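These protein sequence lines are chains A and B, in that order.
For the first sequence, the numbering used here gives the first residue as 781, with consecutive numbering after it.
For the second sequence, the numbering used here gives the first residue as 9, with consecutive numbering after it.
If you are wondering where the hints come from, they were derived from the structure by calculation, not from laboratory data.
Note that the structure is predicted; figures quoted are calculated from it, not measured.
By construction, the Cβ of each residue, glycine as well, lies at the ideal position given by its N, Cα and C atoms.
There could be a bad hint or two in this list.
To be verified - Quick look at which bits of chain B chain A covers, simulated, 3 or more residues with Cβ under 8 Å:
#1 87-98
#2 186-193
#3 271-278
#4 302-313
#5 326-338
One-letter residues, chain by chain:
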Amino acid sequence: MNNYPHFCVVGHPNQGKSSIVSTLVENDSVEIGIESGTTQKNARFEFTIDGKLLLALTDTPGFQRSRQVLAWLQQDDVSPAQRPNRIRAFLAEPEHAIRFPDEVQLLTPIMAGAGVIYITDAANQPTAADEAEMEILRWTGQPRMAVINPISQNVAHQQWQMTLNQFFQWVREFNPMTATLPARQVLLRAMAELSTDWTFLLDQLSQRLAERDQQRLAAVSLQLAHYWCEQVNRREPLSKLTALFSQTNSPEDYLQQRLDKAEGELFHQLAKNWGHGNTPLALNAAWDLDSDTLMNTENWYLWGLKQQDLLLASAAAGAAAGSLIDLGLSGASFMLGAVSGGIIGSTTGWLASKQLTGKRLGWIPLAGKKDYVGPVRHPNFPLVLMARALTFTQLLWLRPHAQRTRLTLQAQADDWSRPQQVQLLNWAKALQQNKWKAKQQQALSSWISEQLSTQLTAALNEEQRSAWRL
Amino acid sequence: MQTVQKLKLPQWLAWLAFAGGLLLGAAALAYTPQGRINLLWLWWLWAGLPLLGSLLALGGFLLPNQPLWLKSVLKLSPYWQPLPHQRWWLLAQINRLWIFLALGILLVFLLLLLFSDLAFGWSSTLITQPQVVIEITQMISAPWQFFWSQAVPDLQLIEQTRFARIETSTGDFQEASRWWPFLLASLLFYNLLPRVVLTLFCGWKSRQLQPCHVEIQATKTHEVSILKPTTALQQPAVDQWQTAVKIGWQLGETAATPTQPLNLGEGDWQKEEDLWQAWLQTPPQHLVWLVVAQQPPLNELADKIKQAAEAGCYQALQLVSQGDLEERHLMSWQAFARKYQLVWLESAA
């Protein structure tokens, strides 16, 4: 037996083995075919946490000639203790790799020490082929459990349950199309019970996955707060070049494009980080831009300084020059040089800001105006922005990796209470008026974390209740 | 988004801190017109203030989200907030910069000890009694007095190295230079060591708070076969198939009818195989396979279809539905029919 838990996901073709593997390994790149026999070779996945291998999972092709294999195994009369050796003898026959490629593929890792997770959709009464598969797996003598994947409407649960109980240590139901972490933890716990050698590592894995989710919640809250602040305060400089390259008809369109791009980047990055890199997203945001307040003009001085920067820079230069005088007088001037230098510098800066407009150094202008589009001041914008980000995060969080449908985002900001909406609008106002403080940033990320936590906990609790169906 | 970015402090900051240390060290060791370096002032600058700074840094650990001022140095967005492990990493980096500063001072001190004559003395308006100074220096020397006795000042040294600006005596150089081990030890124990300890602590804390790195990797490629419909399903010529022989596959005993000579896919394989091989001795021209729509096609059936084809049978496939027919079932059987060039007959009730 391996010193780490290793399980093979086996079963009849087209029972959703790869779907279950995809959800368990949190990876939407596992190929899932609607047709039977999609998986032709074993695919092994390893769960490592901080470099330590805690679980290996092998997706296998389905049994194709189970009755024939069982007939071969039963040709010789062997005692139950000798049955695993009989399977080894079957695998050792060179011609079997050609005649029974699927069975050889799936039995090889099992006979090397892997446990068995037998998948069935329990849609029809068990057939002779199903029974042969289960019998072969019993002959392996390896720890094994059965998982019912409720794909079908018409289920023969009871019949299957009674049959499976005869062949497997545990029987669980697991729906890869709805399963979130609690359901996966239930499955991991059942796997952990199969062999005491594996219990510790599988319990550790289950615990670390829960920890990982908590850390993920903290990280995504900071990330969403960061994104929201940037979007609320987004203002894009306009120039002739921008107009030329952006391929948009108007500044509003340009801003819409930039907002969409930032949203798309965030959502795609989250999807990629959480193993949903292949999930097609349908975002289609239609922002309320309030075009009357979108255009803004700002003065600049000395190739990029704003008026405030200019005042600060000239005051600092004046204070530095005054400090030299103080130094020359060995402090006898009681810092009057620095103070008066600062005052003179800032006054000069202010006067310069008035005088520089229209002046040139050779052909280079010393001051000018720059046009911006944004930030969006429509009162709905911060609410819709936040609602979309939270909804998307929640949808993605709860989305099992076996799902292959398009993720469509439809967000409503109406669910928030009046005080919450006012709070968000106040934050947006503070941001747009440059009165944003670190404390507000912390409060915002805490608020996001609380919102996500409340919504996710409700969904996950429901999942946890339903995960113990069998 | 920078929240998940790996942070990196620019290398020039370390060099800047080191250069600052060199300047501070050189400036503090500059001789005054009295020809003496006041070690009380020097100690305060090199050990007292840095120790105070270390204690304040320790207090700063309690402030949430500090040190955010580093955001501008790291060129991070003003809306960026550190994760807990990133915050401790930033604190470790700040302490590392103080270490570089201390190393700069240390280097200048050692160089000047080697290449110049440093004469130390002490001078104070408030402290006039050598006894007070010895008590203070003994207390300061407590960490190293058991293993570095040369770095612990004695009463004779203190009495002989006191100086005042109105006195013109230059004193005994041998005595005046004996202060350097004390200063060196102070620099090491009160400046460098606390910062090293703080750096190690912050680094440890950062590692402790690192999010657990769950990695789930495919170690072998997943070989899949998505069967693309390259050829259209063969449509039947109705007349040919109305009288064709039908064989059941996994239909169950109840589903078998007298018109079906065989119902395969059930029970003992070897017995069934013997029956099948015997039946193949006189194969019909047309053969219809009746299959349960809700069961997936198996290669075991494909083997038999190949054998029948080799025996000269022209074959068709007809689904028998035993419940709701799902798309996955229909597509699987259609793909199977295409693959083995079977004529597709409409489903039987």
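Tested hints:
no.: 1; hint: 87-98; result: holds (count 5)
no.: 2; hint: 186-193; result: violated (count 0)
no.: 3; hint: 271-278; result: holds (count 6)
no.: 4; hint: 302-313; result: holds (count 8)
no.: 5; hint: 326-338; result: holds (count 7)
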